[in-house]
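All chains should be built: construct the whole structure from the sequences, respecting the hints.
2 protein chains.
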Amino acid sequence: MLRKMLNIKHPIIQAGMAGGPTTPELIAAVSNAGALGTLGAGYMPPEDIGAAIAHIKEQTEAPFAVNLFLPQSYETNEKQILNMQAHLNHYRKKLDIPEIHTIPDMKDIFERQLEVVIETGVKIVSFTFDQPSAELVKRLKNKDILVIATATNVEEAKVLDKLGVNVIVAQGSEAGGHRGTFLSKENEALIGTFALVPQMVDAVSCPVIAAGGIMDGRGYAAALSLGASGVQIGTAFLTVTESGASDIHQQAILSSKDTDTKITKAFSGKSARGFKNEMMLELEKIQIENLPPYPIQHILTSDIRKEAGRRKNKEMLSMWAGQASAMSKRQSAKELIETIAVDCSKIISELHRQQT
Amino acid sequence: MLRKMLNIKHPIIQAGMAGGPTTPELIAAVSNAGALGTLGAGYMPPEDIGAAIAHIKEQTEAPFAVNLFLPQSYETNEKQILNMQAHLNHYRKKLDIPEIHTIPDMKDIFERQLEVVIETGVKIVSFTFDQPSAELVKRLKNKDILVIATATNVEEAKVLDKLGVNVIVAQGSEAGGHRGTFLSKENEALIGTFALVPQMVDAVSCPVIAAGGIMDGRGYAAALSLGASGVQIGTAFLTVTESGASDIHQQAILSSKDTDTKITKAFSGKSARGFKNEMMLELEKIQIENLPPYPIQHILTSDIRKEAGRRKNKEMLSMWAGQASAMSKRQSAKELIETIAVDCSKIISELHRQQT
Chain F
12 MLRKMLNIKH PIIQAGMAGG PTTPELIAAV SNAGALGTLG AGYMPPEDIG
62 AAIAHIKEQT EAPFAVNLFL PQSYETNEKQ ILNMQAHLNH YRKKLDIPEI
112 HTIPDMKDIF ERQLEVVIET GVKIVSFTFD QPSAELVKRL KNKDILVIAT
162 ATNVEEAKVL DKLGVNVIVA QGSEAGGHRG TFLSKENEAL IGTFALVPQM
212 VDAVSCPVIA AGGIMDGRGY AAALSLGASG VQIGTAFLTV TESGASDIHQ
262 QAILSSKDTD TKITKAFSGK SARGFKNEMM LELEKIQIEN LPPYPIQHIL
312 TSDIRKEAGR RKNKEMLSMW AGQASAMSKR QSAKELIETI AVDCSKIISE
362 LHRQQT
Chain L
12 MLRKMLNIKH PIIQAGMAGG PTTPELIAAV SNAGALGTLG AGYMPPEDIG
62 AAIAHIKEQT EAPFAVNLFL PQSYETNEKQ ILNMQAHLNH YRKKLDIPEI
112 HTIPDMKDIF ERQLEVVIET GVKIVSFTFD QPSAELVKRL KNKDILVIAT
162 ATNVEEAKVL DKLGVNVIVA QGSEAGGHRG TFLSKENEAL IGTFALVPQM
212 VDAVSCPVIA AGGIMDGRGY AAALSLGASG VQIGTAFLTV TESGASDIHQ
262 QAILSSKDTD TKITKAFSGK SARGFKNEMM LELEKIQIEN LPPYPIQHIL
312 TSDIRKEAGR RKNKEMLSMW AGQASAMSKR QSAKELIETI AVDCSKIISE
362 LHRQQT
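Chains F and L are the protein sequences, given in the same order.
If you read the first sequence in my numbering, its first letter stands for residue 12, the second for the next number, and so on.
If you read the second sequence in my numbering, its first letter stands for residue 12, the second for the next number, and so on.
Possibly wrong hints are sitting among the right ones.
Which copy is meant is left open, so a pair is good if it fits within one copy or across any two.
[Stated by the list, open to error] Straight-line alpha carbon distances no greater than 27 Å define the calculated DSS-like cross-link-like pairs of lysine-lysine that follow: (1) Lys173 <-> Lys268; (2) Lys196 <-> Lys345; (3) Lys196 <-> Lys273; (4) Lys169 <-> Lys268.
Hints in this document: simulated from the structure, not taken from any laboratory.
Keep in mind it's a predicted model, so treat the numbers as computed, not measured.
In structure tokens:
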């Protein structure tokens with residue numbers, strides 16, 4: 012059913028990871044392999060989104076999705092921002108980049124991002140960080156655009172279902188990157204994929220996609236067993252040959268172990284799972300009321316993380332990853348998808364054989 | 012293989028939940044239904060263990076296990092304990108029970124518990140809270156007793172595997188009750204079942220049992236898909252008719268939702284997942300260095316939790332439960348086990364049908 016709805020062979024969604032990993036090459040490779048590629052456009056200027064979509068379309072005729080961050084309201088003040096700048100200047104000095112003592116320019120680009128996505132004829136849009144308005148869902152559906160949204164607990168899933176979204180991603184606590192929590196405190200909705208998926212499947216009428224800790228055919232088969240209609244996979248796509256993740260990020264994933272990640276607000280002001288490092292652990296010592304909220308903290312730390320990436324300094328970088336990152340491999344997107352699909356079939360056949 | 016090793020029909024282990032839920036009636040019903048019942052003997056005086064085992068044997072000839080807590084070293088001091096007593100007297104006053112201003116008697120009963128288990132001819136012993144010594148594993152194996160131990164991350168599992176335990180339980184972060192973490196800080200090993208099981212299966216040579224968030228046939232099929240040799244289920248057995256869990260605990264489970272639990276050290280000094288309530292949230296405000304470690308805090312809060320249970324006051328009670336507690340039902344242990352086994356078969360057959 013999800014296959015038919017999304018017009019794909021394998022109900023495997025490559026997560027729309029923002030910040031560079033989802034190159035047009037990756038998205039096209041995923042979609043050409045029969046799964047669903049997703050452009051992680053959350054941080055992208057509208058014109059870059061347009062260019063990326065054009066570039067994807069040159070390489071595939073298969074469906075792909077674009078992921079956007081729904082804007083959430085936030086409260087901050089000059090003092091909080093300037094105090095954080097002063098604190099961050101400590102890292103800027105270490106990296107020999109200019110200190111900053113000003114308040115950054117904050118513009119909401121969501122509406123313009125959305126316009127580009129609609130204009131370019133993208134057929135599937137996925138959202139995270141909040142619930143879309145009923146108006147927005149209607150607007151997209153009127154243009155025959157399928158809407159995928161993210162929930163981290165049953166209550167959120169019920170809200171999204173009522174809004175009429177087409178598909179809900181159940182983001183378990185294992186998942187790497189930002190949490191999509193919007194109805195409770197982010198740390199109150201850290202529900203493991205195993206517990207989350209069946210409860211969500213029972214609570215909503217639309218298809219549920221399992222996300223968090225899924226890396227191979229075993230995870231795919233397990234998700235289908237739990238009642239999911241498909242899976243969303245992030246971390247495993249970060250180390251494929253078409254990935255745009257930095258070398259240092261990929262190396263960290265390939266040499267990681269199960270206990271290396273942590274959920275933190277340090278880098279962006281919003282809870283996200285990534286590898287523990289110096290900057291994360293130091294920033295976590297700051298009282299939570301002094302930490303600017305998302306997207307402010309994200310903007311404030313951007314220059315530092317960018318420069319640290321250039322210098323391959325993994326201590327001042329946000330490197331998002333899920334709890335099963337150690338299972339990542341270096342291979343092509345096509346190999347990853349085909350191996351997942353084939354292994355899943357083998358597992359199901361073997362379990363079936365054992366019980367007969 | 013696990014079926015043969017444990018001499019059971021269904022590789023489903025009823026978790027050895029300490030503190031009352033695992034009545035001889037429950038254990039016998041589980042084992043008679045073809046799964047493995049477990050006496051949660053962690054807190055039981057040795058003579059009570061002997062009596063319970065005799066009582067179980069009157070009701071079943073099938074194998075069952077006994078779960079014990081491996082003693083861990085801890086550091087505390089008079090001041091810390093007396094300060095906590097003073098703090099806890101606030102709850103004792105509310106419950107009209109005598110205030111306590113003294114240091115409790117602490118005796119290690121592990122060796123005597125173990126002797127009873129060996130003497131009574133129990134064939135399967137499971138441990139949690141630490142790694143057994145090589146000597147202990149050898150001693151049990153020499154008596155043809157199978158050893159099951161608990162790990163919460165890959166490193167712990169490797170240690171247990173090297174020690175030669177027969178079976179390892181992979182305790183995911185979804186699981187209710189106490190965490191079995193012993194090689195890292197308890198909050199650093201909160202790995203979801205979905206991520207934990209395949210990584211552990213790949214790392215060890217002995218069978219791995221999945222635990223955490225498993226409530227029904229979907230969870231059983233998913234665990235087998237991930238490579239587990241079986242499942243351990245706790246919360247779902249708390250509401251069966253043979254359960255010794257208090258009415259108030261059972262009611263809390265049956266009316267719970269996915270976001271109701273939290274991992275806390277408040278009640279026992281050791282991380283455990285249970286329902287949020289007044290006493291938990293208040294005690295969490297105490298600085299961690301002022302909280303006596305397990306088993307001290309467990310002993311200090313015992314009289315309060317016992318009286319609160321008697322009065323059906325759910326605000327001063329520890330009520331352990333996993334993140335899928337909302338899926339619990341009122342039924343017999345036999346019905347639960349048979350439904351899980353039948354539903355799992357149906358799911359596997361249906362997935363097999365879909366792919367052919």
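Failing hints, ascending? Of the numbered hints, just 2 does not hold.
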